[in-house]
Structure formats: structure tokens, C-alpha cells
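Anchor point for the sequence shown: position 211 equals 211 in full-length UniProt numbering, and the numbering is continuous, going up by one each time.
Calculated from the structure, these hints are not laboratory results.
Note that this is a predicted model, so its numbers are computed, not measured.
For glycine and all other residues, C-beta sits at the position ideal for the given N, C-alpha and C.
Treat each hint with caution, since some may be false.
[Said to hold, decoys possible] Here are the computed distance ranges between Cβ atoms for each label pair:
{"#": "1", "residue 1": "Phe32", "residue 2": "Thr71", "range": "25 to 35 Å"}
{"#": "2", "residue 1": "Gly151", "residue 2": "Ile105", "range": "20 to 30 Å"}
{"#": "3", "residue 1": "Gly22", "residue 2": "Gly173", "range": "18 to 28 Å"}
{"#": "4", "residue 1": "Ala160", "residue 2": "Glu86", "range": "46 to 56 Å"}
{"#": "5", "residue 1": "Arg157", "residue 2": "Ile83", "range": "14 to 24 Å"}
{"#": "6", "residue 1": "Gly173", "residue 2": "Pro10", "range": "22 to 32 Å"}
{"#": "7", "residue 1": "Arg185", "residue 2": "Pro10", "range": "11 to 21 Å"}
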Amino acid sequence: MAAGEILYEPGDDVDHVHFPEGPALISFMVAFEDGNSVECALIGREGAVGGIVSQGHLPAYTRSVVQYPGTLWRMETRQLQAIKEESPALDQLFTHYADCLLSQIFQSVACSAAHSIEQRTARWLLSAHDRTGDLAIPITQQRLAELLGVGRSYVSRVLAGLKSDNALKVSLGCIQILDRRRLDRHSCNCTRSVRAHFDKVLAQVYPPDKRS
């Protein structure tokens, strides 16, 4: 699917679950009355979108939009529920993943309230790299500002500072990570906290050598 394609709008019937593959990224966006929206979670190949714990066919609360193009596998939520009922292990996996997703949302709320725009910008870029494995992230400065819920001028100044530290290379429609360690120094601890929780919770489902 192409960047910008929408899987669900708020209120839509969630009748399918989508599994991102490869570099595909999906954002959960909370929309406001003025038409603006802010990202509350970023989903990649580690997760799924739609009917994760429920049996589906409930109204979507957020807008689910493709941020990074790629392949998404789709399955009817009722079909997934039937499979989970036959497989307690699979049902447990989705329950554990739902816990991980909730931790990401909690951390995102705290990060937005407590950390600087520079820290949040670096955190988003690190999270995108973690989920895609790609150092070149196809995103505009305007779109990144919208995801963070800030003005473009703030993001432009932050990116200029990161560029001067040789952490990033910024070009039209693309931000390339040149030095992840340098970028990480400008970030908060939120990405590491969420990753550690993912590892701990999913370790109860998969042996360490079986987790991606």
C-alpha cells in the first residue's frame, strides 16, 4: 500500500486485521475537531492493526494511515477470531501484543507531555528505523511535524541541529539517519523503555532465539 492510504477512519467498522510486512508502517492518529491529528502509536512488522483482542466489527477510534509504503496482509477479523479460539497459544500471543501496544501508547502520552521537540523528533526517527530497518525514512518535514503535533518551523530547527551534529541528512521528502548513536543522544529514553517492555512481554510467548 502507498503512503497516505487510510485503513480506517474513526467510526468505521473494523472488519479486517492488517499485518504490515517489511518496511510498511501504520500510524494510529487521533483526530481533533479542527481537522488536525496527532500520532499516538506507530505499528510496523512487529504488530497488527484492527481486531487484535476483540472479535472485530467494533467502531475504530483512531485514523489508521499508511506512513511508510509496503505490503500489508489482510484477514477478516472474524476469521482471525475463529483461529484464535482453536489455538490458545495464538490467542495468548495477540493478548501479549495488545499489552505491548498499550505500553507504546502510554509512553507516547508521557513523552509528549514531558520531553522536548528535539527528543520527540529523535525518538520518532529511531522508532521508524527500528520497525523498518531502513536508515532512509521517506517523510517530509511537514508530515513529521503533523505526526508530532507541532509547527513545521520547530521541526525544521530541530532537524537543522541534528544535521549539524552529523546525525542526519535531510533532503526533499527524505530524512536519512547517518549516525544512530549520535541521534540516540538527542532522544529520550522512551524508545528504549518500550523496546525493553516488548522484549520482556513477548519473551513469555517466544524463546529468545525465536523473537524478531
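Each hint tested on the structure:
1. Phe32 x Thr71: 25 to 35 Å: For Phe32 and Thr71 the Cβ distance comes to about 31 Å; the hint holds.
2. Gly151 x Ile105: 20 to 30 Å: holds, 24 Å
3. Gly22 x Gly173: 18 to 28 Å: holds, 20 Å
4. Ala160 x Glu86: 46 to 56 Å: Since the Cβ atoms of Ala160 and Glu86 sit about 54 Å apart, the hinted range of 46 to 56 Å holds.
5. Arg157 x Ile83: 14 to 24 Å: violated, 49 Å
6. Gly173 x Pro10: 22 to 32 Å: Roughly 28 Å apart at Cβ, these two residues keep to the hinted range, so it holds.
7. Arg185 x Pro10: 11 to 21 Å: With a Cβ separation near 37 Å, Arg185 and Pro10 fall outside 11 to 21 Å, so the hint is violated.
When the structure is compared with the earlier hints, violations turn up for hints 5, 7 and for no others.
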